[in-house]
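**Student:** Chains S and H are the protein sequences, given in the same order.
When we follow my numbering, the leftmost residue of the first sequence carries the number 1, and every step to the right adds one.
When we follow my numbering, the leftmost residue of the second sequence carries the number 297, and every step to the right adds one.
Keep in mind that the hints were calculated from the coordinates and are not lab data.
Please note that a few of the clues may not be correct.
Pairs of lysine to any residue, SDA-like flavour, derived with a Cα cap of 25 Å [claimed, not checked]:
(1) S:LYS208 - H:ILE480
(2) H:LYS452 - S:TYR93
(3) S:LYS208 - H:ASP317
(4) H:LYS431 - S:ALA80
(5) H:LYS343 - H:THR306
(6) S:LYS7 - H:ALA406
The following label-pair restraints were derived from C-beta to C-beta distances [stated by the list, open to error]:
(7) S:PHE187 - H:GLY423: 47 to 53 Å
(8) S:ARG291 - H:ASN302: 43 to 49 Å
(9) H:LYS343 - S:LYS202: 14 to 20 Å
(10) S:THR169 - H:TYR373: 53 to 59 Å
(11) H:GLY433 - S:SER11: 19 to 25 Å
(12) S:SER11 - H:VAL520: 47 to 53 Å
A short, non-exhaustive set of chain H residues, derived as facing chain S with CB atoms under 10 Å [unchecked claim]:
(13) PRO389
(14) GLN402
(15) ILE404
(16) GLY519
(17) VAL520
(18) TYR521
(19) TYR523
This one's a predicted model, so the numbers in the text were calculated from it and none came from an experiment.
Even for Gly, the Cβ is constructed at its ideal location relative to N, Cα and C.
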Amino acid sequence: MMIRNVKYFFSQGVKGLIANSLMTLASIGIVIASLVIFGFFLLLGMNLNAVGDQVKEQCEITVFVPREMDHDAVRSVGSALSGIEFVKEARLYSKEERFQNYKESTHSAQTEVIETLEVDNPLRDAYILTLEDVEKAKEVADAAAKVEGVEEVSNRQDVINQVLSVTNTVRHVSVWLLVILAMIAVFIISNTIKLGMFARRKEINIMKFVGATNWFIRWPFIIEGMLIGAVGAAFAAMVVLVGYGSVIPGLQDFMGDIEMIKLEDVTTLVTLAFLGMGMIIGMAGSVMSIRKHLHV
Amino acid sequence: MIEFKNVSKTYEDTGVQALDDVSFFIDKGEFVFLVGPSGAGKSTLTKLLICEEKANSGEIIVNGMNLNELKKNRIPYLRRSIGMVFQDFRLLPNKTVYENVAFAMQVIGASRSAIRRNVPNVLSLVGLAEKARMKPGQLSGGEQQRVSLARALVNKPPVVIADEPTGNLDPETANEIMNLLNEINKHGTTMIVATHAKNFVDDMQKRVLAIENGKLVRDEKEGVYGYDD
């Protein structure tokens, strides 16, 4: 393709957008809407994935022993626990230590309650097991439950499972949403392009009988569609990134030590993915219109 | 140059047989009138020549290309070798005379320097050099037809097909256009003129192909129109 032709295609594509500005705006709008909604689910999904990974990594199993158990018995439970396969370390988390942590994390208004409790510590001694392999959490938890003197085993498998199932749902919803929204966008863009073809039917007819190639006739319309997609994608990326940038600090505070994905880590991904998707959507709209209405 | 061998064409959707076993040969540089009543098959013949329609049987050869074997993506190149002039001019109203003619070069990917060279030449050939900046709406019918002729000629096709080129023009203007077509033919362009203009056909003493009900009924060297309308 020669450069002067490319220039011609672009100038014609832009002319088409301007000549048909109302439909162009509608098309750009629907691209923006589709991608913003998709972007919301994309970022939500990515964050849930990250949360899931972090919860998995923090996977420690806490094993409680009965409150009245004496010191030596607790120790022997501890050595039994550290003997379980895949357990890297069994660390004693004594009821005194637990109470101290509890006291520190509790509001000062409740000092009275705490003082009362301190007299007779209601907490149990516990062991925290760190694992050599997080995948084996279930086996280790089962084995720990069978150890003589163990009262309760708590791991965060249930939390992980919950996060995973939400992530999965979000993933499915976002894929289907993208498909449906993209189809609507393709349809509206193809309608816009069709109007452009109608407006230029005289030119198209002349192009045909003076011997313009089919692709020469088609290119301006394809570029028109791609420009609609790209402009819509650029706006959508801006909306999503600005929006994400403004909610993420608050969310991060709320989530505490679980790290959310930072804005700068998704900027390039969102921008490129949106531009790519926008242009594919736009091109699909053009191609649909060309196949249906441009008989060259 | 242009050869029809036993060409028949029936439109599938309507069942109308537009051409029935038509054969003729037009040599390079000839001037041929195509006459016959409305609906006799003149337009179909033109459409077959530029591959807008395909023949059901027979062979058509244009400028060395066998149209039966012509691949779809080669059709534009066939059309570049045939300049088309229509009764209704088919000019773009928002473009100037110059731009209308330049458009035909632009869309086949001609370079800007070639456009700047050829367009003024062909505009002065049809006598419109002065009006290059005007829009078609500011021109008379005869002038508009000159623009469309300039557009047909600007890519230097060996063949020009004019479909009722004087149909919308008053007799005097029609005369000018016919003279121009004759002039261009003398420079070597093969000219095929489908027309109802009896006086020109009778006066100009050119070859006449007459089509009636899809059949070629006359092929005369220095023919006459032969109808009363």
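**Student:** Determine which of the earlier numbered hints do not hold for this structure and return their numbers in increasing order.
**Tutor:** 2, 3, 4, 8, 16, 17, 18, 19
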